[in-house]
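Let chain D serve as the given structure and place chain C on it in line with the hints.
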Amino acid sequence: MRSKPLVSVIIPTYNCEAYVGQAISSVLAQTYDHNEIIVVDDGSTDTTRTVLVPYWDRICYVYQENRGLAAARNTGIREAKGDLIAFLDADDIWFPTKLELQVAAFENRPEAGLAFADFMDFDDTRVTRSSRLHTWPQAMAWFDRHRVGEIEMACGPMYEELLAANWIHASSVMVRRDVLSNVGPFDETLRAGEDLELWLRVARRYPFLCVNSLLSGYRYRADSLCGPIGSRATRVNHIIVNVLEQHLRGHQIPGEHVNSVRRVLCQRYWSLGWTYFGENRFADARRFFQQGIRYQPFHRQHWLYLCASFLPLTVIESIRRMKRWGRTLGGRAETAAQ
Amino acid sequence: MKISLIIATRNRCQQLGRCLAHVERLHCEYDWELVIVDNGSSDGTAEVVQKFAEQVDFDVKLVHEPRPGLGCAHNAGIASARGELVAFLDADDVWFPKKLELQVEALQAHPDAALCFTDFLEFDESGVTMPSRMNTRVNARGWFERLQVGDTEIACGTMYKELLQANWIHTSSVLIRKATLSEVGLFDGAFAMGEDYDLWLRIAKMYPVVCVNRVLSDYRYQAQSLCGPLKFRRLVHSRGIAQVLEKHLRAKSVPSALLDVAAEKVSQCYSVVGWSLFRQNRLAEARSLFRQGLRYHPSDLLLWLYLCASFLPLTIVEGIRRLRRWVSALQGPAETAPH
Chain D
1 MRSKPLVSVI
11 IPTYNCEAYV
21 GQAISSVLAQ
31 TYDHNEIIVV
41 DDGSTDTTRT
51 VLVPYWDRIC
61 YVYQENRGLA
71 AARNTGIREA
81 KGDLIAFLDA
91 DDIWFPTKLE
101 LQVAAFENRP
111 EAGLAFADFM
121 DFDDTRVTRS
131 SRLHTWPQAM
141 AWFDRHRVGE
151 IEMACGPMYE
161 ELLAANWIHA
171 SSVMVRRDVL
181 SNVGPFDETL
191 RAGEDLELWL
201 RVARRYPFLC
211 VNSLLSGYRY
221 RADSLCGPIG
231 SRATRVNHII
241 VNVLEQHLRG
251 HQIPGEHVNS
261 VRRVLCQRYW
271 SLGWTYFGEN
281 RFADARRFFQ
291 QGIRYQPFHR
301 QHWLYLCASF
311 LPLTVIESIR
321 RMKRWGRTLG
331 GRAETAAQ
Chain C
1 MKISLIIATR
11 NRCQQLGRCL
21 AHVERLHCEY
31 DWELVIVDNG
41 SSDGTAEVVQ
51 KFAEQVDFDV
61 KLVHEPRPGL
71 GCAHNAGIAS
81 ARGELVAFLD
91 ADDVWFPKKL
101 ELQVEALQAH
111 PDAALCFTDF
121 LEFDESGVTM
131 PSRMNTRVNA
141 RGWFERLQVG
151 DTEIACGTMY
161 KELLQANWIH
171 TSSVLIRKAT
181 LSEVGLFDGA
191 FAMGEDYDLW
201 LRIAKMYPVV
211 CVNRVLSDYR
221 YQAQSLCGPL
231 KFRRLVHSRG
241 IAQVLEKHLR
251 AKSVPSALLD
261 VAAEKVSQCY
271 SVVGWSLFRQ
281 NRLAEARSLF
291 RQGLRYHPSD
301 LLLWLYLCAS
311 FLPLTIVEGI
321 RRLRRWVSAL
331 QGPAETAPH
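Chains D and C supply the protein sequences, listed in that same order. Take the first sequence: its position 143, counted from the start at 1, is 143 in our numbering, and no numbers get skipped. Take the second sequence: its position 304, counted from the start at 1, is 304 in our numbering, and no numbers get skipped.
Because the hints were derived from the structure by calculation, they are not lab data. Note that the coordinates shown come from a computational prediction; the quantities given were computed from them, not determined experimentally. Cβ coordinates follow ideal geometry from the N, Cα and C atoms, glycine included. A couple of the hints might just be wrong.
Simulated crosslink set (SDA-like; lysine to any residue; CA at most 20 Å straight-line) [what the hints assert, rightly or not]:
1. D:LYS81 / C:HIS27
2. D:LYS81 / C:GLU153
3. C:LYS247 / C:ALA190
4. C:LYS265 / C:LYS61
5. C:LYS61 / C:ALA21
6. C:LYS61 / C:ARG18
7. D:LYS81 / C:GLU105
8. C:LYS61 / C:ARG25
9. C:LYS247 / C:LEU181
10. D:LYS81 / C:LEU102
11. D:LYS81 / C:CYS28
12. C:LYS252 / C:TYR160
13. C:LYS2 / C:ASP43
14. C:LYS61 / C:LEU102
15. D:LYS4 / D:ASP83
Partial pick of chain C residues on the chain D-facing surface, computed with a CB cut under 7 Å [stated by the list, open to error]:
16. HIS22
17. ARG25
18. HIS27
19. PHE96
20. PRO97
21. GLY127
22. MET130
23. PRO131
24. SER132
25. VAL215
26. ILE316
27. ILE320
Take a look, some chain D residues computed to stay more than 12 Å from chain C by CB distance [unchecked claim]:
28. TYR19
29. ASP46
30. VAL241
31. HIS251
Next up, chain D with everything else stripped away, as it sits in the complex:
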């Protein structure tokens, strides 16, 4: 019988003294104990060092100048000795069976490159959403398509699904170290979305494993970097567009996926253009509509809004007023009908 594989747990942290102890405790509470904990302190200026002293005998601690999340995770990957690598952000937590279930899943499906799992959202007071995977119908459809036997596990290719939406929580990921040395580490030039970029590179060559149990928690922080939902969606769109353009230019996308990549790009450009159009930034919006048309030349809405973006602001404003007026009329008609 083969021996149990060593799992390297990588915890990047930046000025997170309030939560990093909870994260480490949730690793120490794991039922699978053949693990090493690597805490990469990305230049914290708070008292993170002293908060960690009680764990000194259990962790490997690396302090580096602030270089961003991707660089911190890469430092952890370089330090890692295990064949399997699991990521845990300093403000997130794991549930006790996280490592056990995912290691078992990898033993069951050794050809898989990356394993993820269901996760929940929580903040300082309560659980805000208890199962995130089930909120994406596409995720559940993928799961049912690739289900393995009777157990709550699925294994299969996920590249196209990832293009449409990223439902992989970085703190739920376990990845084989040889996979990372094949596809390369996180892209340190990206300041956000570096996780999705890596998942896409892995997904091009390896099937994904999903354990359909709640194994990690994603903490929403009042002081979080993410900001309001709207601007986050725009930022995510920017990231996805950049990543896909880069992959497309580098001919890194397998032939069977090129068309779906072009379709996704067109959609993302559409929502970007539409957002900027709504903010009256017509020149920016026009650029995105043009890009969208490049990928899908017969997309009607892109053409329509591209033309509209050349109109003077007063005309656009009056069209908007007319649309609003039409909507209120429609609303009144509905209430009258009731």
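Frame of chain D; chain C shown alone:
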């Protein structure tokens, strides 16, 4: 390979308690002992140490050294240390995990090196003020890159010249072979400041040193400590460096090829301290420092200028200052105008 960790302390049993709690958590695969030097404490230091010694499974020794000063205290610790390797830790500082392992490995890989030091970070009450000493100083970085072993985080080689120009070895970061200390001698108890720099210079003159370029300890500056706030800290350090280098120059232990380097550094230190006294209108004191600086580096024109200025009456000095402020105020708005 036995390691002796020496902690010198004086009337700081609270910090010592915190420090010991962290030492207890340090996991080390080597045989090691802890030597705590009580440098004339009158608080409960001895009880704290005794209680700690009963809890842990490694040797804890308590040594008393009545003569004040970190140098004397460390020497007393070294005298009763039984390890082949000696390390020091200040009660305010924290060692990161794996520090000893990485350093012992480095010394084993480079048996000719006498001392191993690591990178460290600096912090005070406001938080981390410098995340890395090795990689933020140009000459430190240059030394490391020149002598780096492959693409590892280790460099090994002679560092005497660089050390004459600046000290970037933090006492809480070093691991020294005890045999070396019996050869070059211990800390010089005559120094109130810079006794560590003096020892590093003596070691680096005879042996190569090895560096692990990873932040493995931190260094706390305290407002009420010897060093004080940033501005005074630099002055105290400059004075300490100048005194140490003067000792080495007097003892003729600096090779003739490096005499200029050392002399220039001394004069630079004196001019830094002198200039700050000058700004506080302590012209006579400043003058004597400028003079001392010029003794070591007579061709420094700027120092001559300062020296002349220090002979002027205070009213004229104030007048020149007002004039300069007025000129820079004139230039200021012109610069900010385009915004």
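Satisfaction of hint between C:HIS27 and D:LYS81, Cα-Cα up to 20 Å
Holds - the C-alpha atoms of C:HIS27 and D:LYS81 are around 18 Å apart, at most 20 Å.
Is C:LYS61 close enough to C:ARG18, meaning Cα to Cα at most 20 Å?
18 Å, holds
Have a go at the C:ILE320 hint: is there a Cβ in chain D nearer than 7 Å to its own Cβ?
Violated - the Cβ of C:ILE320 stays beyond 7 Å from chain D, reaching only about 40 Å at its closest.
Against the 20 Å threshold, does the CA-CA distance of D:LYS81 and C:LEU102 hold or violate the hint?
16 Å, holds
C:LYS2 and C:ASP43 were given as a pair; does the straight-line alpha-carbon distance stay at or below 20 Å?
31 Å, violated
Please check whether C:ILE316 passes as an interface residue: C-beta within 7 Å of a C-beta belonging to chain D.
45 Å, violated
Just to be careful, I want the Cα atoms of C:LYS252 and C:TYR160 compared with a cutoff of 20 Å; is the pair within it?
Within the cut-off at roughly 15 Å; holds.
Using Cβ atoms only, decide whether C:PRO97 comes closer than 7 Å to chain D, and label the hint accordingly.
5 Å, holds
Given the proposed pairing of C:LYS265 with C:LYS61, does the C-alpha separation stay at or below 20 Å?
Status violated; Cα separation ~40 Å.
Does the structure keep D:LYS81 and C:GLU105 at a Cα separation of 20 Å or less?
18 Å, holds
If you draw a straight line from the CA of C:LYS247 to the CA of C:ALA190, is it 20 Å or shorter?
Roughly 11 Å between the alpha carbons, so the hint for C:LYS247 and C:ALA190 holds.
C:MET130 as chain D interface residue, shortest Cβ-Cβ below 7 Å
10 Å, violated
Checked against the numbered hints above, the structure violates hints 4, 13, 14, 22, 26, 27 and 29; every other hint is satisfied.
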